[in-house]
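Protein chains: 2
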Amino acid sequence: MKTIIIDTLGGDNGSKPIVAAIKSFLIDNPEDKVIAVGNENELQELKGVCEIVHAPYNIPMEASPLDVMRHKDSSLYVANLLMKEGRGDAVISAGSTGGILTASTLLLKNAPNVKRAAYVAPFPTKIKGKKVVVLDVGANNENSPEELVQFAVMGSLYAQIVLKVEKPKIYLLSNGTEEGKGSPVTKEAYKLLKNNPNFCGNMEARNALSGEADVIVSDGFTGNVFLKGCEGIAKMMSGMIKSAFKKNLWTKLGYLHVRKGIKEMSETMDYKSTGGAMLLGVNGVVVKAHGNSDEYAFRCALNVAKSLADSDISNKISEGLK
Amino acid sequence: MKTIIIDTLGGDNGSKPIVAAIKSFLIDNPEDKVIAVGNENELQELKGVCEIVHAPYNIPMEASPLDVMRHKDSSLYVANLLMKEGRGDAVISAGSTGGILTASTLLLKNAPNVKRAAYVAPFPTKIKGKKVVVLDVGANNENSPEELVQFAVMGSLYAQIVLKVEKPKIYLLSNGTEEGKGSPVTKEAYKLLKNNPNFCGNMEARNALSGEADVIVSDGFTGNVFLKGCEGIAKMMSGMIKSAFKKNLWTKLGYLHVRKGIKEMSETMDYKSTGGAMLLGVNGVVVKAHGNSDEYAFRCALNVAKSLADSDISNKISEGLK
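Order-wise, the sequence lines are chains A and B.
So the first sequence is numbered by my numbering: it starts at 73 and just counts up by one.
So the second sequence is numbered by my numbering: it starts at 73 and just counts up by one.
Isolated chain A, as found in the complex (with noise of 0.2 angstroms):
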């Protein structure tokens, strides 16, 4: 039995998918639970359903840290604060990534052994089905090459248990494959992480995705620049392959013909299976859902913080830092 505590302010799309996405993961896990927190008036639907906390103040995506730790009645703090005090084995939010870190962090503080938290990312790849997680993507600014090689094995955790890979194939993002090759930090760790049985050397950013990894491990900064260069140039492509079926019917009428392969190159790229970012290394599981989730997105994010929250992922990733 765990409990997962839920953030219903912060998403872009209300708290309605939220609820909707709470009854049916109690429905298929009966035997969990869930506290809702955030506008009660909002959450009338999950009376008898779930416990529900009210805390009516919606962190604003551009909120400060300083702002996130004053703000003690918004959803967001409320929740982490629940966490805290051991009422929860999970927290989700689809609050922004900077005021997650912060409450987290903050309020949970990083698991033992732990130098700083990250968030990790799954990617899809090539290969169908087969998912690679990149790690830091946007937690920190800079990090020291001791920093990586936690991240390695933090990731490598995760992979184990939500990506179901045995013995996880490592690499480093670097800019070039032989050793040697990347900034001054990634060189450093390269030398640490060869201690790694699972250490594979140095990625390039043109093949993270062709399968071959399943943990590629970053500095949260260039890892950020990586996740959104991805995202920004996939849309684009979308754009231009919807425009180009949008012109007329001929083009619509060619749609007709390619749907089924262009709904599994969507789905391929569809971020909202995959739940969202995993903020690793503070005490708990921390699941950061995509500001944009629908229900089916909400549901994955719940499906994954009780995977990690049933692995106890926190205690061995403390474990595997000793």
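Treat the hints with care, since some could be wrong.
Which copy is meant is left open, so a pair is good if it fits within one copy or across any two.
[Stated by the list, open to error] With a Cα cut of at most 27 angstroms, we get these calculated DSS-like pairs of lysine-lysine:
id : residue 1 : residue 2
1  : Lys-119   : Lys-266
2  : Lys-241   : Lys-203
3  : Lys-253   : Lys-181
4  : Lys-241   : Lys-394
5  : Lys-200   : Lys-319
Rather than coming from a laboratory, the hints here were simulated on the basis of the structure.
Position chain B against the provided structure of chain A, taking the given hints into account.
Just chain B, lined up with the frame of chain A:
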């Protein structure tokens, strides 16, 4: 009258497409000259068309800087040496990024006032026909804030000369748009760039290709990850689209309906028309053609090399950085 020196080895497709490109370039630009450097046996067709210099050794892709400087009979070394001796105004090679960087920076040296040379690459944007240049995309493994400030000046001159943008809008590649976001280096660069009247702030990788920016400044490590990440995902999506259309007769029929739109997309994403990446900041014009260049791509590289040589960009950069 300008003389362009071209390394005819180093490309993936042999010297054939280069020979064809040189011939067509000289027909359109009879007042200019070309020096073709490589294996003279492969350059017979150019006899009487342009000067041929025999230098038959092809520097392998994975050559170390030491290897590059040792092989004084290589086409790459000789092409740069001719440039150093004042025999030409621009040098083009489809050899490795690292090899060209070594030969050009060590033989030609940085232009006066330039701290570090940078590779600049033009990217497509959402706005039809509009390009954005990103630098550095791989000449450096790390950069100081002062170097990023110089890249802004160099990139602007490039945008003015090649993209014909009068007042190029300059952005700094970062992990957030607000001032105060970024790595320690970008934060410091932001403060210094405020003095540049065309500086518009931070740009997240996700919006880099929105068409808002003309110049995006990055350290060489992050810029390389951005470039190759974009390349990788664009290739992956193109592959998925192709296989969606190739499934059966019906999907092939579907393709006929949308081929115009898909062709437009391919043209937008096509790197060939850009001529490749340019190494800015050395004495003289250095163009790195894409390894996989065909005749059209080499022809574009010759055009870009000519317009950069005509514009006297090296001296303008030295002047701009005074």
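Honestly, which of those hints from before does the structure not fit? 1
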